[in-house]
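Those sequence lines, one after another, are chains A and B.
If you read the first sequence in my numbering, its first letter stands for residue 1, the second for the next number, and so on.
If you read the second sequence in my numbering, its first letter stands for residue 361, the second for the next number, and so on.
Warning: the hint list may mix true and false statements.
[Unchecked claim] Listed below are several chain A residues computed to face chain B (Cβ distance under 8 Å; list not exhaustive):
{"hint": "1", "residue": "Pro249"}
{"hint": "2", "residue": "Gly291"}
{"hint": "3", "residue": "Met292"}
{"hint": "4", "residue": "Ser331"}
{"hint": "5", "residue": "Val334"}
{"hint": "6", "residue": "Ser335"}
[Unchecked claim] To spell it out: a stretch of chain B is covered by chain A in this simulated footprint if at least three of its residues, at any positions, have a beta carbon under 8 Å from a beta carbon of chain A; those stretches are:
{"hint": "7", "stretch": "457-465"}
{"hint": "8", "stretch": "543-550"}
[What the hints assert, rightly or not] Counterexamples of contact, computed for chain B against chain A with all Cβ distances above 10 Å:
{"hint": "9", "residue": "Ile529"}
{"hint": "10", "residue": "Ala616"}
{"hint": "11", "residue": "Val624"}
{"hint": "12", "residue": "Arg639"}
{"hint": "13", "residue": "Arg700"}
{"hint": "14", "residue": "Ile805"}
{"hint": "15", "residue": "Gln879"}
Keep in mind that the hints were calculated from the coordinates and are not lab data.
All figures in this text were calculated on a predicted structure; none of them were measured in a lab.
We put the CB at the ideal spot given by N, CA and C, even for glycine.
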Amino acid sequence: MLKNKQRLITVGVTLAAAAGAAHLMQSNGSTSGSASAPPVMPITAASASAVVPVSSAPAANTVVRVAATADPAPATPARIVDTLPVPPQDTLMPAPLPQVGTELQSRMATTTPVVVDPVITQPRRNEFGLTCGPILSASAGDGAMVSLTLTAPCRGDQQITVNHGALKFSAKLDRLGTYTVDVPALQADASFAVLFADGTDVQADVQVPLAADFERTALMYFGNAGLQIHALEFGADYGEDGHVWAGAPSDVASALQSGGGFMTLLGDSDLTDAMQAQIYTFPAGSASQGGMVRVSVEAEVTAYNCESEVAGQTIEPSLGDALNSVSMTVSMTVSMPDCTAIGEFLVLKNLLRDLKIASN
Amino acid sequence: MTITRAAIFAALFLWATITPALAEDVTLTSRDGSVEIVGSLLGYDGEFYRVETVYGVLTIDGSGVLCDGPGCPDLQGFIAEFAISGARTMGEVLMPALVETFAQRNGYSVARNITDDTHFNYVLTDRTTERTAARISFRVSSTAEGFADLLAGEADIVLSTRQATPAEIRLAKEAGAGDLANPRRSRIVALDALVPIVSMSNPLDGLSFNDLARIFAGELTMWSDFGGSEAPISLHLRGSQSGLVDEFKRLVMAPADLVLAPGVMRHASNTDLASAVARDPLAIGIAALSDTGNAKPVVLRGSCGKVQSADEMSLKTEDYPLTTPLFLYTPARRLPVLTREFLSFVRSSAAQGVVERAGFINLQLHSIPVDAQGQRLANAITAAGEETTVAELQRMVLRMRGTERLALGFRFDPGGTGLDAQSRSNVEVLAQQLERGVYDDRSLIFAGFSDGVGRADVNLRLAKRRAEAVRRAVLRAAPTVDRARLDLQIDAFGEAMPMACDDTDWGRSINRRVEVWVQQDKF
Chain A
1 MLKNKQRLIT VGVTLAAAAG AAHLMQSNGS TSGSASAPPV MPITAASASA VVPVSSAPAA
61 NTVVRVAATA DPAPATPARI VDTLPVPPQD TLMPAPLPQV GTELQSRMAT TTPVVVDPVI
121 TQPRRNEFGL TCGPILSASA GDGAMVSLTL TAPCRGDQQI TVNHGALKFS AKLDRLGTYT
181 VDVPALQADA SFAVLFADGT DVQADVQVPL AADFERTALM YFGNAGLQIH ALEFGADYGE
241 DGHVWAGAPS DVASALQSGG GFMTLLGDSD LTDAMQAQIY TFPAGSASQG GMVRVSVEAE
301 VTAYNCESEV AGQTIEPSLG DALNSVSMTV SMTVSMPDCT AIGEFLVLKN LLRDLKIASN
Chain B
361 MTITRAAIFA ALFLWATITP ALAEDVTLTS RDGSVEIVGS LLGYDGEFYR VETVYGVLTI
421 DGSGVLCDGP GCPDLQGFIA EFAISGARTM GEVLMPALVE TFAQRNGYSV ARNITDDTHF
481 NYVLTDRTTE RTAARISFRV SSTAEGFADL LAGEADIVLS TRQATPAEIR LAKEAGAGDL
541 ANPRRSRIVA LDALVPIVSM SNPLDGLSFN DLARIFAGEL TMWSDFGGSE APISLHLRGS
601 QSGLVDEFKR LVMAPADLVL APGVMRHASN TDLASAVARD PLAIGIAALS DTGNAKPVVL
661 RGSCGKVQSA DEMSLKTEDY PLTTPLFLYT PARRLPVLTR EFLSFVRSSA AQGVVERAGF
721 INLQLHSIPV DAQGQRLANA ITAAGEETTV AELQRMVLRM RGTERLALGF RFDPGGTGLD
781 AQSRSNVEVL AQQLERGVYD DRSLIFAGFS DGVGRADVNL RLAKRRAEAV RRAVLRAAPT
841 VDRARLDLQI DAFGEAMPMA CDDTDWGRSI NRRVEVWVQQ DKF
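Please build the complete structure, drawing on both the sequences and the hints.
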């Protein structure tokens with residue numbers, strides 16, 4: 001399935017003219033989408049990000065989609081005509097990215113370099129000479145999970161928010177500005193976006209044809225909310241096989257083998273006031289056993305949350321839609337018991353719906 | 361309109377008379393200044409004022425008057441507040457799903473504020489104006505407590521898995537909440553049923569009605585009585601306030617003249633009950649069809665061998681004897697506009713889709729072709745004999761040819777000629793369909809049936825009279841229908857096609873029924 005292997009890669013390119021853009025596409029096509037550095041070229045002041053679909057055959061008429069950027073500054077690239085490469089600047093914090101007009105698409109598609117009056121682009125780089133990007137790539141894997149890889153060498157240690165439809169969670173990049181995560185796809189037509197604190201965003205789309213075979217129910221919350229999803233599959237009791245929760249999350253491989261579900265924990269719990277998410281996945285489309293999976297939410301009463309309100313959101317398939325393909329998001333607050341109950345759990349059996357599984 | 365008059369409605373209902381003397385805090389003046397009402401404001405629902413005056417409580421159309429005084433409500437910032445209270449069967453999944461879908465379809469965002477599993481509220485916010493439109497509080501306890509909340513003025517919508525009892529009806533009248541027995545005070549939102557369940561590892565798969573009653577009365581106590589091991593049967597039921605337990609007592613225990621054994625394990629919710637029974641091979645419980653969890657449903661068998669299993673068709677047609685319609689009861693007082701919109705939404709086809717996906721049986725009308733009615737015909741042939749002749753059977757089969765049976769049934773209150781609650785709701789459902797022209801230019805046959813007790817010719821006449829009564833009720837409920845395009849026929853087949861055994865009260869009441877058949881060809 002060639003179509004599924006196709007990966008969409010978002011590339012932050014410094015962009016001013018057709019020649020430079022065409023050159024970049026060719027270099028990306030030949031390196032199967034890794035973040036390798038294109039040839040060194042002179043710097044321009046303006047930059048933009050573009051989504052470049054990379055297929056196994058680097059066709060000359062590759063379509064370049066220009067993604068929206070955060071800063072709607074006019075695109076008036078300063079032209080620097082120079083024959084020699086300029087040494088990389090220390091550009092840990094790149095300037096805000098300008099808006100690129102759609103008319104540039106046709107110019108970027110030009111394959112032959114413009115000889116007369118060449119305008120050559122130069123990607124921003126970090127102190128080690130790596131292109132700043134950011135670049136986000138997404139690929140679908142087993143269990144309708146999507147592997148996201150973010151490369152942002154100029155943004156080491158920064159905090160990001162990953163968005164997938166209604167699903168949101170926060171994470172922190174490593175020192176080199178990379179982050180990888182496996183996210184459950186909530187729909188077949190899955191799009192992902194990573195948002196930085198300065199408003200910059202990168203996007204990636206991927207097709208997950210099997211997403212409909214997986215029942216998913218999610219809970220999002222801030223920081224130390226102490227919330228947990230517990231799934232009890234087919235009559236399992238606490239602590240038994242079939243009790244899936246953060247402490248026994250199972251994984252895609254063993255879930256597919258056993259016919260059970262698995263829990264995905266997303267978001268960095270070390271970050272304060274960051275959004276975290278727990279998603280329970282059940283492979284309903286390939287279930288060999290019918291029955292009920294009880295899904296409950298437990299809120300641990302802690303010194304952080306006692307006598308206060310814990311806020312979050314739930315995401316479940318909408319019952320208002322016959323195809324169950326639309327997610328319904330409901331904001332919620334939980335009023336936690338008083339602080340004499342620290343260490344106890346508030347059990348909410350009806351916050352998330354139980355899953356009725358029909359055997360196939 | 362050049363002259364706008366204040367529409368004044370005399371108070372239809374008496375409010376609690378022990379109202380303390382309140383300050384006269386509002387003056388409502390008609391726009392032409394000719395009418396002035398002074399009193400203290402009891403409520404404003406976004407459309408109507410309710411004012412305590414020297415004339416008693418008046419309800420006044422807000423569009424016709426100007427309000428002056430310290431008690432006047434903030435007209436722009438009006439928030440519809442109402443409380444929903446009652447049965448867990450309905451309050452856990454079904455009603456929250458309906459509220460959320462109602463919000464989604466009407467452009468509101470939803471926030472759910474939770475105290476615990478049985479106390480929570482929804483805040484609906486208009487997506488465009490970001491104004492709070494409604495606050496809906498839920499108290500999910502039991503049917504009995506829902507009615508108690510209504511009497512105490514703390515509930516605007518009661519969730520009930522049974523009809524109001526005579527005592528509740530009397531108390532509600534005294535409390536000024538209106539006549540709960542009036543069909544306008546209640547509506548059926550979905551169907552559910554009582555189902556005996558056992559653990560998957562229990563070999564029991566069928567049980568007679570009478571044995572079920574004797575098990576729960578403590579007369580049959582060992583599994584060895586049912587071909588199982590020499591082990592005691594453990595009994596599981598919902599709590600004593602549960603409407604489902606009331607229905608179980610009414611439908612199963614009372615006809616057998618038995619009472620519940622003392623050693624029954626009680627559960628707060630259907631989920632807890634189903635989980636407990638699923639884990640215990642020696643347990644039997646009475647669950648709701650909407651949540652049998654990982655336990656195994658047991659079919660009910662009549663002594664003559666007819667089997668009653670609970671499914672969509674048998675619930676809609678009331679062929680399953682333990683069908684429990686789920687009711688919403690509202691007091692006889694004006695509810696906010698948004699509340700009324702919500703109440704009409706729950707019967708809409710959009711809401712009925714939600715009902716089905718939430719695991720309940722909806723009220724959507726569909727039909728079953730004759731080909732899928734093999735079991736019924738087999739019953740008819742088995743029952744044929746001295747009183748039902750072959751010629752009569754052939755007449756029935758010829759009449760059924762080319763028809764489909766509508767998935768709704770009409771049954772009568774035991775001993776009376778009045779339709780039961782689900783059938784009254786079915787009258788409305790069918791009348792609506794007729795008004796929409798769904799059955800224009802097609803023949804509908806109202807087919808009356810009876811039980812097999814007594815003389816066949818008398819039964820046939822009774823069956824015909826019931827069919828006529830149902831047709832009359834449907835036409836009365838569809839005043840705007842185009843009668844020229846309707847063809848509503850009456851026929852009766854007496855005891856020709858029994859659905860249950862005639863040796864019990866419930867079996868006979870299942871057999872006394874009116875079915876509706878649709879002719880597939882245009883007439």
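A quick look at each hint next to the structure:
1. Pro249: Constraint on Pro249 (chain A) not satisfied, violated at 22 Å.
2. Gly291: holds, 5 Å
3. Met292: holds, 5 Å
4. Ser331: Hint holds; Ser331 (chain A) Cβ to chain B Cβ min 4 Å, cut 8 Å.
5. Val334: This hint holds: Val334 (chain A) lies near chain B, its Cβ roughly 5 Å from the closest one there, short of 8 Å.
6. Ser335: holds, 5 Å
7. 457-465: holds (count 5)
8. 543-550: Answer violated; 0 residues pass the 8 Å Cβ test.
9. Ile529: holds, 30 Å
10. Ala616: The claim holds: Ala616 (chain B) sits with its nearest Cβ about 31 Å from chain A, beyond 10 Å.
11. Val624: holds, 22 Å
12. Arg639: The assertion about Arg639 (chain B) is violated, with a minimum of 6 Å to chain A.
13. Arg700: holds, 20 Å
14. Ile805: holds, 32 Å
15. Gln879: holds, 29 Å
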